[in-house]
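Engineer: So the protein sequences, as listed, match chains B and F.
So the first sequence is numbered by this note's numbering: it starts at 1 and just counts up by one.
So the second sequence is numbered by this note's numbering: it starts at 1 and just counts up by one.
Keep in mind the hints are simulated off the structure, nothing from the lab.
No residue lacks a Cβ here, since even glycine has one placed at the ideal position from N, Cα and C.
Certain hints may be false.
Which residues of chain F face chain B? A few of them, derived with a C-beta cut under 7 angstroms, are [stated by the list, open to error]:
#	residue
1	Q5
2	D282
3	G401
Now for the letters of each chain:
Number of protein chains: 2
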Amino acid sequence: MVAEQVDVVVVGAGLAGLVTARQLTRGGRSVRVVEARDRVGGRTYDRVLDDGTRVELGGQWIGPTQDRIAALAAELGLPTFPTYNQGENLLDLAGRQKRYKGAIPMINPVVMADVGQAQARIERLARRVPLDAPWDDPRADVLDSQTVETWIRRNVASRPARDLLRLGVQAVFAAEARDISLLHFLFYVHAGTSFDSLLSTARGAQEQRFLDGPQEVSVRMAAELGDAVWLEAPVRSIRQDDHGVAVTTDRGEVLGAYAVVAVPPTLAGRISYDPLLPAARDQLTQRMPMGSVIKVHVRYDEPFWRGDGLTGQATSDRGAVRVTFDNSPSDGSSGTLLAFIEGAEARHWSAQDPADRHRVVIADLVRYFGRRAGNYAEIVEQDWSTEEWTRGCYGAHLAPGVWTAYGPALRTPCGRIHWAGTETASVWTGYLDGAVRSGERAASDLTALLGATSAPGSAP
Amino acid sequence: MVAEQVDVVVVGAGLAGLVTARQLTRGGRSVRVVEARDRVGGRTYDRVLDDGTRVELGGQWIGPTQDRIAALAAELGLPTFPTYNQGENLLDLAGRQKRYKGAIPMINPVVMADVGQAQARIERLARRVPLDAPWDDPRADVLDSQTVETWIRRNVASRPARDLLRLGVQAVFAAEARDISLLHFLFYVHAGTSFDSLLSTARGAQEQRFLDGPQEVSVRMAAELGDAVWLEAPVRSIRQDDHGVAVTTDRGEVLGAYAVVAVPPTLAGRISYDPLLPAARDQLTQRMPMGSVIKVHVRYDEPFWRGDGLTGQATSDRGAVRVTFDNSPSDGSSGTLLAFIEGAEARHWSAQDPADRHRVVIADLVRYFGRRAGNYAEIVEQDWSTEEWTRGCYGAHLAPGVWTAYGPALRTPCGRIHWAGTETASVWTGYLDGAVRSGERAASDLTALLGATSAPGSAP
Numbered sequence: 001m002v003a004e005q006v007d008v009v010v011v012g013a014g015l016a017g018l019v020t021a022r023q024l025t026r027g028g029r030s031v032r033v034v035e036a037r038d039r040v041g042g043r044t045y046d047r048v049l050d051d052g053t054r055v056e057l058g059g060q061w062i063g064p065t066q067d068r069i070a071a072l073a074a075e076l077g078l079p080t081f082p083t084y085n086q087g088e089n090l091l092d093l094a095g096r097q098k099r100y101k102g103a104i105p106m107i108n109p110v111v112m113a114d115v116g117q118a119q120a121r122i123e124r125l126a127r128r129v130p131l132d133a134p135w136d137d138p139r140a141d142v143l144d145s146q147t148v149e150t151w152i153r154r155n156v157a158s159r160p161a162r163d164l165l166r167l168g169v170q171a172v173f174a175a176e177a178r179d180i181s182l183l184h185f186l187f188y189v190h191a192g193t194s195f196d197s198l199l200s201t202a203r204g205a206q207e208q209r210f211l212d213g214p215q216e217v218s219v220r221m222a223a224e225l226g227d228a229v230w231l232e233a234p235v236r237s238i239r240q241d242d243h244g245v246a247v248t249t250d251r252g253e254v255l256g257a258y259a260v261v262a263v264p265p266t267l268a269g270r271i272s273y274d275p276l277l278p279a280a281r282d283q284l285t286q287r288m289p290m291g292s293v294i295k296v297h298v299r300y301d302e303p304f305w306r307g308d309g310l311t312g313q314a315t316s317d318r319g320a321v322r323v324t325f326d327n328s329p330s331d332g333s334s335g336t337l338l339a340f341i342e343g344a345e346a347r348h349w350s351a352q353d354p355a356d357r358h359r360v361v362i363a364d365l366v367r368y369f370g371r372r373a374g375n376y377a378e379i380v381e382q383d384w385s386t387e388e389w390t391r392g393c394y395g396a397h398l399a400p401g402v403w404t405a406y407g408p409a410l411r412t413p414c415g416r417i418h419w420a421g422t423e424t425a426s427v428w429t430g431y432l433d434g435a436v437r438s439g440e441r442a443a444s445d446l447t448a449l450l451g452a453t454s455a456p457g458s459a460p
Numbered sequence: 001m002v003a004e005q006v007d008v009v010v011v012g013a014g015l016a017g018l019v020t021a022r023q024l025t026r027g028g029r030s031v032r033v034v035e036a037r038d039r040v041g042g043r044t045y046d047r048v049l050d051d052g053t054r055v056e057l058g059g060q061w062i063g064p065t066q067d068r069i070a071a072l073a074a075e076l077g078l079p080t081f082p083t084y085n086q087g088e089n090l091l092d093l094a095g096r097q098k099r100y101k102g103a104i105p106m107i108n109p110v111v112m113a114d115v116g117q118a119q120a121r122i123e124r125l126a127r128r129v130p131l132d133a134p135w136d137d138p139r140a141d142v143l144d145s146q147t148v149e150t151w152i153r154r155n156v157a158s159r160p161a162r163d164l165l166r167l168g169v170q171a172v173f174a175a176e177a178r179d180i181s182l183l184h185f186l187f188y189v190h191a192g193t194s195f196d197s198l199l200s201t202a203r204g205a206q207e208q209r210f211l212d213g214p215q216e217v218s219v220r221m222a223a224e225l226g227d228a229v230w231l232e233a234p235v236r237s238i239r240q241d242d243h244g245v246a247v248t249t250d251r252g253e254v255l256g257a258y259a260v261v262a263v264p265p266t267l268a269g270r271i272s273y274d275p276l277l278p279a280a281r282d283q284l285t286q287r288m289p290m291g292s293v294i295k296v297h298v299r300y301d302e303p304f305w306r307g308d309g310l311t312g313q314a315t316s317d318r319g320a321v322r323v324t325f326d327n328s329p330s331d332g333s334s335g336t337l338l339a340f341i342e343g344a345e346a347r348h349w350s351a352q353d354p355a356d357r358h359r360v361v362i363a364d365l366v367r368y369f370g371r372r373a374g375n376y377a378e379i380v381e382q383d384w385s386t387e388e389w390t391r392g393c394y395g396a397h398l399a400p401g402v403w404t405a406y407g408p409a410l411r412t413p414c415g416r417i418h419w420a421g422t423e424t425a426s427v428w429t430g431y432l433d434g435a436v437r438s439g440e441r442a443a444s445d446l447t448a449l450l451g452a453t454s455a456p457g458s459a460p
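So that you can see chain B by itself, here it is in the shape it has in the complex:
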């Protein structure tokens, strides 16, 4: 195993790392991407079902104002298509099931008024959170001292309205309202435009899907980078001195002028650093846990719910599966329901027997879509909390006190080590678009640094 010298060693071949590497390569810099898995794409991961259709086991959607992932996909020639959204949605709340059209369920007007005023207040508070420095919000001290659950209990009167808001939080974070700092919630909402946008299909974060699957974005970038990408090369340690970095992987050591670590913060914190990282950075990564989600795809011979005038989108305050989508192929040649098990339900069901888990998933789908939902052809699960190189999805969340105490450590480079990954984005953080933006930022920062220190190839 011979050490080598590149301009930048990129840790992680997810979207963020590959965007970093691609942009640097295009600027004439040499890179080496080291990836722990035997595949690229990180939290995007597609799989072909028995009938040949492709489903998205990880991050999958793209929506309005997600301009950087859109531009990248367009450049790579990867088209998108609308998430199936025709007909009525289902709401199963407080023991009653309703069908409704559009984003707002027509339930009890008192409840809807309660939800409406809460959402309006959320949007108003969120707009003021500075995206580059949430800790600079004038009310940061108050907002970062409480959980979202505390805010809900104090500001929302009716129980169904509270449950609807909790569901919204679970759907966005794959965590519970009690796990999350109100300041972090508001920052995240602002970074994704609005709470309404995060929750919406039409004109929202779930608007479009990738025809060839979202992982293909990474696959294409990796193909461009060729031999520069090492798979099955988990990083164990990173040394640095005044001259460069040495990244030790299971496939050998890579030397570079700089490193970009583009993995979830909790995994970045498990790498051994020499010299040690500053206390603020280490204590930050002790405080950025990943959410909990199991994505379950259930395939049917046809998308039968469409014939019933249903979008396939259900929301419920009970059951293991509380959010569903129609994840059928674009031509509707077969039918696939995407059932999300999120937050507390995911933590519980992760440890259960698969057969039991399948049973409750199907029971929930039958409750939403009728008896035909019981007659499925295939079921495929992806439990992100059991993935060694992710350890939870969709992303990291921050408990109270973390932004105000440790915020600046999220992006501040530690010597020659820079940080990327969707958690480090200030726009669309937690989304594919945030991952792309974080990679672009890291590449720009390093281009400036490399330009200032040495010409390409002139290693110190």
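For this one, chain B is given, so just place chain F on it according to the hints.
Structural biologist: Showing chain F alone in chain B's frame:
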């Protein structure tokens, strides 16, 4: 590097790990203790100052009902002596400085009534939290949905009273009231008898010190264990199968029937496990961050504050140093003030220039104890957040949502891997006594398992 076979491999030579190893050894079992540092004692660590007196840079006190550390110290022949507590304490609150005797400062009676009712409610709520399963508290859902800060703001009217309670939380956890779940706070209080007990010197958790220093407890146990303790052997990975465990350290691999991991949870989470640990365990260790504390010892030729009728114990709502103690040698032959920088102040000051940090420490001591505090002979700091093999002190705390979602994963063994360390104790968790208790529990559990499976020495 030849692999070997022992009954139990113990990871970590702090109090918990050494107690585990000692008890197993006395029961006729073979052990190997692997320790990352070049010393034993973990979060207990003593140092001899220039004048030959010893100071405690880590955990240091022992108090009533801490029976297991007391028994161990007695058995090892290590005497204790009372923390200096004669005279009056200082309280610097809301811009005014008061002297008072005993545990309760005589300030504004309205404020004292406010603090008193809050503390009474805390004690009442805490007594109900089940020590072995805080998540079983009938009100766990409500208590684990909010921060301590939320509770203080809702239940304490006056600002000085709120500040006093926040100070109490900082002093106990080296973290802020906003960082901590109310349920965790109440559990911790119950585990240490009462909030009053945690905060008190006389008849409280700060009552006694070790004449030879607390680290000596570990040094004596390690001496008994002899060659069974490997220093400078950080553990990188643990494999297990039906027959045993293989623990890989920088000094080689150790094979055993079982392993006990007796390091802080956040460090246990950085070890690589094969097979992977269950999601619940990994996600738990993503959610148990360490507190932030810098212990500063300032030595003087004599304990001059004693002549002024002061105990050396000051409490303040401002400054870098908000809690102090007299940490002079038992014979008072010289004077040492112990200045705590805790929580948010520690996070800030950890990153500053040492000279600047020393300046603010001394300025705070002068504010409390007068001009003579500026005339010091020696200053020694210990910043636990910069220690690679601790990464913060005093211990781990839990944010809202963690106990209720992940509680059982704290002590449940993962196959042949068991867990010890003060964070796993249900009595005096976070204290020396909790560490001893956790080691005793782990040793008992393993003795039962080993007895049931094979006689000592009869390796599979």
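Engineer: Hints first: check each against the structure and report whether it holds.
Structural biologist: Right, here's what the structure says about each hint:
no.: 1; hint: Q5; in the structure: violated (26 angstroms)
no.: 2; hint: D282; in the structure: holds (6 angstroms)
no.: 3; hint: G401; in the structure: holds (4 angstroms)
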